[in-house]
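Mind docking these for me? Both chains are given alone in their own frames, and the hints should help you get the complex.
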Amino acid sequence: MTKTYLLPNKVRIYGWIVLIITAILFILCLISDQFMDIEFKMPAIYDDLSGIKIFNSSVSSDRHWFVMADTSIFTTIIPSLFIIGAILVVFSKEKVEDELTCKIREQSLVWAIEVGFTVLLIAYLFFYGISFLFIRRFVVDLFLVLFFCKFRFEIYRLKKEVGK
Amino acid sequence: MKNNLRVERAILNISQQELADRVGVTRATINAIENGKYAPSGLVLLKIASICGKSAEDIFQLEEKDWE
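As they're listed, the protein sequences go chains A and B.
Heads up: the first sequence begins at 1 in our numbering, then just goes up one per residue.
Heads up: the second sequence begins at 1 in our numbering, then just goes up one per residue.
I should point out that these hints are in silico values taken from the structure, not numbers from a laboratory.
Wrong hints could be hidden among the right ones.
[Stated by the list, open to error] Just a sample of chain B residues kept apart from chain A, beta carbon distances all over 10 Å, derived:
no., residue
1, 11
2, 27
3, 28
4, 46
[As the list claims (entries may be wrong)] Partial list, derived from the structure: chain B residues whose beta carbon lies under 7 Å from chain A:
no., residue
5, 29
6, 31
7, 38
8, 41
Backbone N, C-alpha and C define an ideal beta-carbon position, used for all residues, glycine too.
Just chain B, same shape as in the assembly (with noise of 0.2 Å):
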């Protein structure tokens, strides 16, 4: 799963550290989450989208590979 949540951030000018601290998750999770190393869960996604003030899939799109 791809996503752009490094653009997002970088429009909200807020830091890896304050999204986490937002989502309630840790820095590390975002950082994984925006590497594509960690595909978060649906109250994870739906929360970074709605604290961007998104849908989740303007931030996060399936890729081919996700449906095999």
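Just chain A, with the same shape it has in the complex (with noise of 0.2 Å):
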């Protein structure tokens, strides 16, 4: 017996609905320097970043183990929920999961990871700076996206042939 570490079909409902939330809040984010701002604080099992402040001088190289860190919701909730949410729909079973869609499945997923690490080549290569951390922190986002675009559109695929 093939062992499977798909999720149910039904997850997938509650996967969107995460994602449409962290879309509003990533919305608000973008239009609102405020509601961007909302610090609060999370327990971190490592921090050296809390206290510095990058585009000033005050800058601490402090480092900590099991404290309270200073986060806000661009850096911590949008990027916990986009996870969550991804997860439950790009890992979730089809309604009828067959041997066919498994395999393109596999392809998909072979396919997103090829191009994800050749992203993170060109990242290592020729990206250097904060904008390097920034596409090495978004690679794993990529990843996710790429692999459920390329799925969805395979099984589009064959579900057009079907119907000719």
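Here is the structure:
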């Protein structure tokens, strides 16, 4: 018996709800600086950034284990919700999950890994400084998006072929 | 791998959807098999053969390129 690590199909709708909430929060952050600046504290395993203000001279090199770290909606809540929503959507089963679907999923996964790591390689070679950190951060999200788009496109193409 | 699944299905007078339901796959999979775009697993192959009342070799035949 082949073990599958996919989530049940019914969780997909919850994934979309989480993604819609994420999109609303993201748009609110883009249009409102006040919303973006809302800060709160989160328990951190390790924090070496609290106290650092990148765009002025107040830089601290303090490093702390198991502390309450300063964070914001934009840096913690939105990425966390995006990952939760995306995983629920991307890794949930189809209504009828058969071996061809599994094969397409596997091929899409390999394609997304190849493209994602190519982007990462380009980032390593040609991007430096803060922009590199941003790109490296978004490659994880990019991988989920690439995988989802490729898989949905291949399923759409298959269904379109049946419809002919 | 070539096959005459379309003919066997016509003999049984069942649609792609009916065969798909009985095998436990999607209609798209049956369509892809019939068009030679997808080689099914041993399990699906044997299920199809069983439904058609034939041996697997009667429905599916290897081609030269399958050995390359």
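Going down the list of hints, with the structure as the test:
1. For residue 11 of chain B, the condition that its CB be more than 10 Å from all CB atoms of chain A holds, with the nearest at approximately 21 Å.
2. Distance to chain A contradicts residue 27 of chain B as a non-interface residue, since its nearest Cβ pair spans about 6 Å, not more than 10 Å.
3. In this structure residue 28 of chain B is not separated from chain A by more than 10 Å, as the shortest Cβ-Cβ distance comes to only about 5 Å.
4. Distance to chain A confirms residue 46 of chain B as a non-interface residue, since its nearest Cβ pair spans about 13 Å, more than 10 Å.
5. Hint on residue 29 of chain B holds. Least Cβ distance to chain A is approximately 4 Å, under the 7 Å limit.
6. Of the supplied interface hints, the one on residue 31 of chain B holds, with its beta-carbon coming within about 5 Å of a beta-carbon of chain A, less than 7 Å.
7. Using the Cβ-Cβ criterion of 7 Å, the hint placing residue 38 of chain B at the interface with chain A is satisfied: the shortest such distance is roughly 6 Å.
8. Contact between residue 41 of chain B and chain A, as hinted, is supported at the beta carbon level, the nearest pair being about 5 Å apart and thus within 7 Å.
In this structure, the earlier hints numbered 2 and 3 are contradicted, and the remaining ones agree with it.
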